[in-house]
Structures are given as C-alpha cells and as structure tokens.
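Note that the protein sequences, when read in sequence, are chains L and P.
Heads up: the first sequence runs through residues 134 to 350, numbered per our numbering.
Heads up: the second sequence runs through residues 134 to 350, numbered per our numbering.
Just so you know, these hints were derived from the structure itself, not from any lab.
Careful: at least some of the hints might be erroneous.
Partial selection, computed: residues in chain L whose CB lies under 7 Å from chain P [said to hold, decoys possible]:
| id | residue |
| --- | --- |
| 1 | 269 |
| 2 | 272 |
| 3 | 283 |
| 4 | 285 |
| 5 | 305 |
| 6 | 317 |
| 7 | 320 |
The list that follows gives simulated cross-link-like pairs (lysine-lysine, DSS-like), each with its CA atoms no further than 30 Å apart [as the list claims (entries may be wrong)]:
| id | chain 1 | residue 1 | chain 2 | residue 2 |
| --- | --- | --- | --- | --- |
| 8 | L | 209 | P | 214 |
| 9 | P | 281 | L | 181 |
| 10 | P | 281 | P | 298 |
| 11 | P | 298 | L | 181 |
| 12 | P | 298 | L | 214 |
| 13 | L | 181 | P | 181 |
| 14 | L | 214 | P | 281 |
| 15 | L | 209 | P | 209 |
| 16 | P | 298 | L | 209 |
| 17 | P | 181 | P | 209 |
| 18 | L | 209 | L | 181 |
| 19 | P | 181 | L | 281 |
| 20 | L | 181 | L | 281 |
| 21 | P | 214 | P | 281 |
| 22 | L | 214 | L | 281 |
| 23 | P | 298 | L | 298 |
Cβ coordinates follow ideal geometry from the N, Cα and C atoms, glycine included.
Chain by chain, the residues run as shown.
Number of protein chains: 2
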Amino acid sequence: MVVLFKPLDLPVNQDQILQTLIADNLVSDPESARGRLLREAARLFREKGYERTTVRDLAAAVGIQSGSLFHHFRTKEEILKAVMVETIRLNTAVMQAAMEAADSNRDKLRALVSAELESINGQTGEAMAVLVFEWRSLSEVSQAEVLKLRDIYEALWLDVLGALKEEGALVADPFVVRRMLTGALSWTVTWYRPERGGLTREGLTDQVVAMLGLSQP
Amino acid sequence: MVVLFKPLDLPVNQDQILQTLIADNLVSDPESARGRLLREAARLFREKGYERTTVRDLAAAVGIQSGSLFHHFRTKEEILKAVMVETIRLNTAVMQAAMEAADSNRDKLRALVSAELESINGQTGEAMAVLVFEWRSLSEVSQAEVLKLRDIYEALWLDVLGALKEEGALVADPFVVRRMLTGALSWTVTWYRPERGGLTREGLTDQVVAMLGLSQP
DNA sequence: AACCATACCAAGCAAGCGCTTGGTTTGTAA
DNA sequence: TTACAAACCAAGCGCTTGCTTGGTATGGTT
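From just these sequences and the hints, can you work out the full model?
Printed below as a string of structure tokens:
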C-alpha cells in the first residue's frame, strides 16, 4: 500500500494498526468500494449535515446511482452508523497503542491528548466531527450500540486520569476533567488549522496539558 | 409579570434585563404567541435537531395548524434564526451586566464563566444548544448575520482575557483559552445536571477557573 | 460452455416535506 | 354597527426524499 501522507510524529504506526483492523474486518479498506463510500459520506455529513445529505449526493460522490447504494448498505442510517463505528474502532486502537508506548501516567495523558487532537484534526477528523455533531441522527438503538464502543474508549482516559488523581498530581475530579477535555478538544475542529502555521499540534498539546495544572510529583 | 423560577445567584437581575430587551423589541415576550413558539422551537430543535423537526411538529407544539406558522415567520429557517439571534442578544446583555458588576479582571472572568454556564444550563440552555449544534442548518447569509452578533459577545471575553494576559496572570494565549473554554463550557450541556445534586454551578465555575491556572497577581 | 454471485443501472413509487391559498374567526376601535 | 387587521383553519400543491424493483454487465469457478 502506498502511504499518501506524511508519517505522524506519534509514537505509534497508525498505518500498521489500520492494516491489522482491516485484516480483522473491523474497519473497511479505504481503497475498497465500501471504504471509499464511507470516507465520502464522512466528508458530506460533516460538510452539510446528515439530514441535508441525500442518498443521491452520496451516490454521486462515488460515481454510482443512488439505488446502488442499497446494495452495500440497507439504509442511509446504516452508513452513518458505519462511519461512527469504524472511526471509534480505529481511534481506540491508536490510543491504546499510544498509551502502551508511554511509561509514566503523565506521559500517558500527554499521549492521549496528542492522539485525540490528531484524531480530531487529522485524517479521521471529518468522521470525528460527524461523531460529535450528528449523534442525534442515529436511532436510539444505534445510539446505544455506538455508546458501548465509546465506553471502551472513555475508559482509557478515566484510567489514566484516575491514576493521576491517586498520585496526587491531579486535583480536580477525573470525570469532570475528562468531560471538560472532551468539549475543549472536540471544539478545536471548529477553529484549529495547523496547516496555516502558528500553533503546532505539539504546541497545542502543551497548552492543554499545562492548562490542567498538574502539580509536580 | 410573574417570576416563574427561582432568582439566580448571579450579581444581575436577569428578568429586568429581559424586560428592557422586550421593550426595545430586541427579544420576544415569552408570553406572546411568537415568544411561545420560539421557546417550543428551541426545545424541539434541541431534542430532535432542526431538520428532523417539521413545521407540523412546531405548529402542534403551540396548538395551531402548520400553515398558520407562516403568518408569523416567512420560512422555517427564519424560526431557527430568530431562536439564535434572540438568545445571543439576551446572553450578551446578561454578560455585559455581570461584568460591569465585577471589579477586578479576575472577578470579571469568574462572572463570565458563571454566566455562560448559566446560559448553557439554565433557562436559555435549549436555545444555546441549538446555537452550537444547528449552526450549519442556517443559510450562509444567515450564518454571517448571526456571526456578527456573536462577535460582540466574544469581544467581551477577549477583552477580559487580554487584560489578564497583560497583568501577567494568564500565561496562555487569550484566543486559545477562549476557544478551549467555549468547547469545554458548551459541552457541559451534554452531561452537567445540577438538579441531580453533586456539583453546583458555583462549584463547577471554581473548577473551571482553577483549571486555567491563573498565577497570583 | 454453463453457472452464479457481485456490483451496478434505469425507472419510479409512496410518503413526507415546506409552503401557498382562499376563506373564516377573533379582537379592537371608531 | 360597521370596519378592518391580525390570527388562524382546511386543504392541498409541487417537489424531494429514502428506498424498491426488475433487469444487465462482469469476472471467477466448475
């Protein structure tokens, strides 16, 4: 496979993780018909919103007829759900790897912040935005399913924050901190433009971690 | 007018501000037909999203026929825009008053955080959520109009944060901090439930301000 | 050569949508 | 009482939507 973009400065090989997940059938190959559709769907859902994106829009984006979509997915909602599920799977795996590469809890937190910023502003950014802003477009049943996957993801954060609290490095409540961070980091998608120069992702990570005011061990 | 809810522990009389704005025709009287519709619209838009809320839903919520809506508003989008515009106007006025009541820049920041938490989680909470999550449902023209109003609101924040930076109390960049706060505070709408006990709004405000790590003057 | 699953097209249906229309009720003021 | 505007109803138009249907290429397997 050809690497189409610059390698990240994360301590993990994102592409290798992706290949593993593809092999396990947990996410679609971006080069397959299904994968291409999901990428275009994420782009359109982010750009116009789920409801304003028609199945005709989706079909046109990958160059087929609207009816042909339903050969790959049974409903339009299933497409939205697939975008969300595969994104969570990929990002959970990346986060897990990033954390395992870190030694101290401090470094683990830094790795989580950095990885989440990359999730939100990098390749999977469009899908992450969909995850935040199109949540209510899922049926309640689908919401519950996706929520289960998110819980695994959230547990990673709470483990590290909880450990930092026990160490005495963190004063505030881990749950509150995680929720504040969720909001603050998600929101970067609306304003943070690293490619325009200025703040790098590492710089932004520094500011975020500094903002938490971890006291010295 | 009857006060339907407990007075707030804000250093300003929110109801008095509301009356002034109604008199100036800047926001609708909540007891008028228009005002009631806007409140129900905010509720429904928040609950189901703008696109999934039909004009028939809106009409039913106030007990009229769908066609009769268009006696009050020319389009469905105009309803969404009105919800947003009136909410910004009210909250800008409340914030301005809260700030004027504070002396130091520290206190002003605290007042802003507290007031924004109240905006998001109090009476105007549903409308504030609409402002965040239904942004893209506005036409580009309307977006630009609403953005102008938001700029006034944002200037309040940046003034205070900029002053704190000059004082040396704030280390991070005011723009970055404001954006982080926007995300973190907005996100509270998805999880913060003060009525269930636990964290009070004052307590949450403390945690937020503490999180910024303002150094002593 | 025969078969068959996969991937697609062309056409269109039923339902729901925002909004319009023509007419009726209601409140207010001369 | 008359006059008139604001508020509303009943009906439905025209369009778009998600999705279905019946049929057709394509490529691999036997």
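So, going through the hints one by one against the coordinates:
no., hint, in the structure
1, 269, "5 Å, holds"
2, 272, "11 Å, violated"
3, 283, "12 Å, violated"
4, 285, "18 Å, violated"
5, 305, "5 Å, holds"
6, 317, "4 Å, holds"
7, 320, "2 Å, holds"
8, L:209 with P:214, "28 Å, holds"
9, P:281 with L:181, "22 Å, holds"
10, P:281 with P:298, "25 Å, holds"
11, P:298 with L:181, "38 Å, violated"
12, P:298 with L:214, "44 Å, violated"
13, L:181 with P:181, "17 Å, holds"
14, L:214 with P:281, "35 Å, violated"
15, L:209 with P:209, "24 Å, holds"
16, P:298 with L:209, "49 Å, violated"
17, P:181 with P:209, "15 Å, holds"
18, L:209 with L:181, "15 Å, holds"
19, P:181 with L:281, "22 Å, holds"
20, L:181 with L:281, "27 Å, holds"
21, P:214 with P:281, "13 Å, holds"
22, L:214 with L:281, "13 Å, holds"
23, P:298 with L:298, "29 Å, holds"
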